[in-house]
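These protein sequence lines map, in sequence, to chains A and B. Read in UniProt numbering, the first sequence has 128 at position 128, and its numbers run on one by one without any break. Read in UniProt numbering, the second sequence has 131 at position 131, and its numbers run on one by one without any break.
Accuracy of the hints is not assured; some may be wrong.
[Said to hold, decoys possible] If you only want the chain B side, here are some residues facing chain A, beta carbon under 8 Å, derived:
1) P83
2) D85
3) E89
4) G109
5) M112
6) M116
7) E119
8) M120
9) V126
[Claimed, not checked] With a Cα cut of at most 30 Å, we get these calculated DSSO-like pairs of lysine-lysine:
10) B:K9 to A:K49
11) A:K119 to B:K230
12) B:K2 to B:K200
13) B:K180 to A:K119
14) B:K26 to B:K92
[Unchecked claim] Calculated Cβ distances over 10 Å to all of chain A for the following chain B residues:
15) M84
16) P203
17) G208
18) K228
19) P248
It is worth saying that the hints were derived from the structure and are not from the lab. Cβ atoms here follow ideal geometry from the backbone N, Cα and C, with glycine treated the same way.
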Amino acid sequence: MSGNALPGAERVVRIIAETAIANEKYFGDLDSVVGDGDFGYSLARGFEKVLEGWDDIDRTDAGTFLKRSGMIIASRVGGTSGPLWGTAFLRAGAVAGTAPDLTGEQVVAMLRAAIEGIKARGRSDVGDKTLLDALVPMTDRLEQEFSGGADAEKALRAAAVAAREAADATGAMVAKRGRASYTGERSRGSVDAGAVAVAVLTERISETWQTRGATS
Amino acid sequence: MKKFVNDPKNYVAEMLEGVALANPGKLKYVPAYNLIMRTDAPRDDKVSIVQGSGSGHEPAHVMAVGRGMLDAACPGDVFAAPPMDYVYETAKLLASAKGVLLLVNNYTGDRMAFDMGKEMAEADGVRAEILTIDDDVAVQDSTYTVGRRGVAGNFFVIKAVGAASEQGADMDEVLRIGRKVNDVTRTIGVALTACTPPAKGSPLFELGADEIEFGVGIHGEPGRERRKIKDADAIVDDMLEAVVTDLPYQSGDRVALMINGLGGTPISELYLLYRHAHRRLADRNITVARSYVNEYCTSLDMAGASLTLVRLDDEITTLLEAPAEAAVRIF
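Take these sequences, add in the hints, and give me the full structure.
Here it is as structure tokens:
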């Protein structure tokens with residue numbers, strides 16, 4: 001296959017896996033403020049499985065690759081993060097399908113499908129102080145940039161800034177879903193670990209795109 | 001606590017091997033996914049019916065696999081939902097042209113595993129649907145659930161969708177029937193003792209010598225309240241009151257009545273409970289048209305019983321009367 005879709009999908013999944021493993025302690029510390037502290041550990045152990053089986057993941061097309069990755073994540077990341085993150089990759093893969101090339105518009109559609117999957121699986125929405133509170137503003141910015149004619153590098157830079165601002169803003173929110181919600185008002189004042197993870201991952205993806213350029 | 005056990009880690013696997021060996025030619029055991037399936041499944045002219053839950057509730061559900069009942073069951077470890085990849089692999093193995101119906105007792109862990117398993121199977125092109133069973137009237141939410149729990153009443157859903165699928169009903173029709181039966185089925189359970197998981201080796205909770213847990217769940221999780229034990233008839237009166245008023249069942253109704261043992265109660269005691277329930281329903285002009293007295297959905301060795309009522313109409317009655325052959329046979 002000569003298009004950008006599969007290499008792009010491989011690159012994004014690999015960055016997410018490596019970043020999740022590298023930030024195990026940081027994500028775990030954020031989660032332990034109001035959650036049960038297992039977020040960093042669960043994510044790292046699950047993404048280690050993705051990398052262990054990396055060469056064997058079906059690469060028929062970008063959609064299949066993302067769906068297979070999602071299945072590993074769903075079944076190997078512990079707690080509720082596995083099903084939530086796994087669903088996101090499954091839904092994004094379903095939209096990517098067999099297309100050899102993906103436009104910015106299509107990537108936004110994949111992210112929208114991932115967001116809808118997370119909402120359905122977690123029975124949560126924007127404002128509940130979850131990863132959605134960074135993922136949705138990040139996607140909105142990406143869409144604005146692409147529709148304004150930006151290239152991938154510029155759009156990703158802007159999206160990373162939007163994700164970071166949104167993650168920081170979760171500090172003022174009260175958790176309504178996930179284990180952090182058990183602490184109610186006490187959750188105010190600390191940022192959401194999932195939202196910060198989205199910000200860190202978007203920043204890493206953006207940095208990689210700046211250095212490697214628009215090969216995909 | 002004395003148990004028939006080898007290595008507790010192999011408890012579920014050894015039980016499943018036993019089920020398979022006792023039913024040669026009829027049931028197949030797939031160890032990788034704790035899967036017990038009919039040897040003649042899947043068939044493209046039939047919706048495949050699958051249920052999974054934790055183990056420890058036998059005969060539910062592995063021993064309800066057979067003609068006119070389940071096509072397969074994929075339990076998890078004792079009192080643990082099956083991992084989602086068990087559900088996914090099971091759905092793929094049972095995929096038929098008419099689809100796979102996944103029955104789920106309403107527990108949070110089971111729902112998550114089945115929702116994900118279904119999504120993963122769908123990504124592979126398998127048609128799958130989920131039907132959630134929530135017949136327990138004891139509490140609105142519980143330790144392990146949002147919404148009501150799914151307990152012994154799931155046997156009536158299994159029987160009805162099993163019969164309908166055997167007769168060639170398509171997925172929409174099977175779903176309609178399953179939801180209809182769930183809607184007219186109500187259950188309440190009472191525990192006299194706690195149960196002892198093999199890997200733990202000690203009782204899961206404490207219940208005083210003169211106490212009962214009224215509205216207990218099938219893992220011993222709390223129900224409505226701890227009460228002092230009373231005469232059997234008085235306990236049945238309390239159970240009937242909780243169940244009859246919930247739907248409510250009314251004068252003139254025809255019902256199926258199930259007295260289900262929770263694992264550690266003699267069958268004789270179950271018939272003692274049945275006797276009083278049957279008479280009290282007659283007093284309310286509610287006719288027991290079908291009766292079920294046995295162990296169906298248990299909590300390991302817990303002493304106790306649950307009472308289930310199903311409001312019957314001609315359609316449900318016909319489906320309950322249809323022939324079935326499960327691994328657990330009474331002859």
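- Query: Which hint numbers does the structure go against, in order from smallest to largest?
  - Reply: As far as the earlier hints go, 3, 4, 9, 11 and 15 are violated by this structure, in ascending order.
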